[in-house]
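Asker: Please take these sequences and the hints and turn them into a complete structure.
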Amino acid sequence: MGDYQGTLQPGARVDDARYLPADPAAVRWGRLPKRGDAPVLAVDPGTDLTVDTVSHEGLLPDQGQDPVAFFGAHGVPREEVLDDAVAIAATRTRGDADGPHLVTGPIEVRGARPGDLLAITLLDATPRVPYGVISNRHGRGALPGEMPATPGTVSVFTPIAPDAAGTWTGRLPLTEGGERAVSFPLAPFLGIMGVATDTDEAAHSVPPGRHGGNIDIRHLTAGATLYVPVQVPGALAYVGDPHFAQGNGEVALTALEASLRARIRLDLLDASEAARDFGDLAGPLAVDATHLMPTGLDADLDEAMRACVRQAIALLGARHGMAPHLAYAYLSAATDFEISQVVDLVTGVHARIRRADFEGVG
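Under the working numbering, the first residue of the sequence shown carries the number 393, and numbering increases by one thereafter.
No lab work stands behind these hints: they were computed from the structure.
Each residue gets a CB set at the ideal place from its N, CA and C atoms; glycine is no exception.
Certain hints may be false.
Taking CB as the label site, the calculated pair distances span [stated by the list, open to error]: (1) D672 to R563: 24 to 34 Å; (2) A748 to D407: 33 to 43 Å; (3) A417 to L564: 32 to 42 Å.
Answerer: Dropping the structure here:
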């Protein structure tokens, strides 16, 4: 990741000809792109570009929808509050039925057709500010009815700072207002990456699906790729929901939500290449240098787990010709199945299949 080196206001220190700022005209709040939406940018497959993302935390109505006041109350000077966040909060609205997320896009990928796979690779993710927020809201999270234990939203302001070795970490006090604090490593990623849905109505930003969206897989850090089945011509890709860090499960509802400048690459696999490399993907597939990560998504966590196992068996069959009963045995003996998140209406499970296990076997 790129370490924090000062507040990245819109356009500041950009040396990329392909730059998409998160100004109000290029951002959707609470809904995802759909069939027929106009792109804010068009690129050829294989293009690298820089995209600014803005966290919704500090902008939502239950936080006052005034990021200058919200973050100022935590000691953040005005120059460290993002101008695009201020502009979005002041000029854009979201309906009560919409999601919380800010999504930058859509981006047309020329030549993309339904049946193809869009590959979204995160090349780099740089913190735009030296702080983030972790929130828990009533009726949400892994413990609805138990947490928060007090009325109203609990939004935990979380600064980041370098440790003694110069590594940037998040810091949380052990007690409210206390001086002792726990530090934890940062691993920035984009919680939302996806393609437009082939629907008349824009999809809600919270539940993930075959289109990708809010999958919240913490392993999709710099160098990792998400493959998503294209649903509409041009794919209409988008990114958002930036995180500085997250644990598997994301149990409180949000993790360390904070704005990122992301450098991404958009590649395209045509339908024949996609079938050869991955088979018939029922949902998003995450890949990094060491693991293949098929996913399972369902409102029922047990069903999400079953879907992930089925997808993993199908992937091993398509990619390596592995018989289903042997793939099932291998997955049981050698693969971890992790809970991506349990807080996004549709829960997620991802497998961690070691790529090294299959080196040299075809």
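Asker: Are the hints correct? Go through all of them and say.
Answerer: Going down the list of hints, with the structure as the test:
1. A hinted range of 24 to 34 Å is violated for the C-beta pair D672 and R563, which are about 45 Å apart.
2. Distance hint check: the CB atoms of A748 and D407 are about 36 Å apart, consistent with the given range 33 to 43 Å.
3. The hinted window of 32 to 42 Å between A417 and L564 holds, with their beta carbons roughly 36 Å apart.
In the structure shown, a violation is registered for the earlier hint numbered 1 alone.
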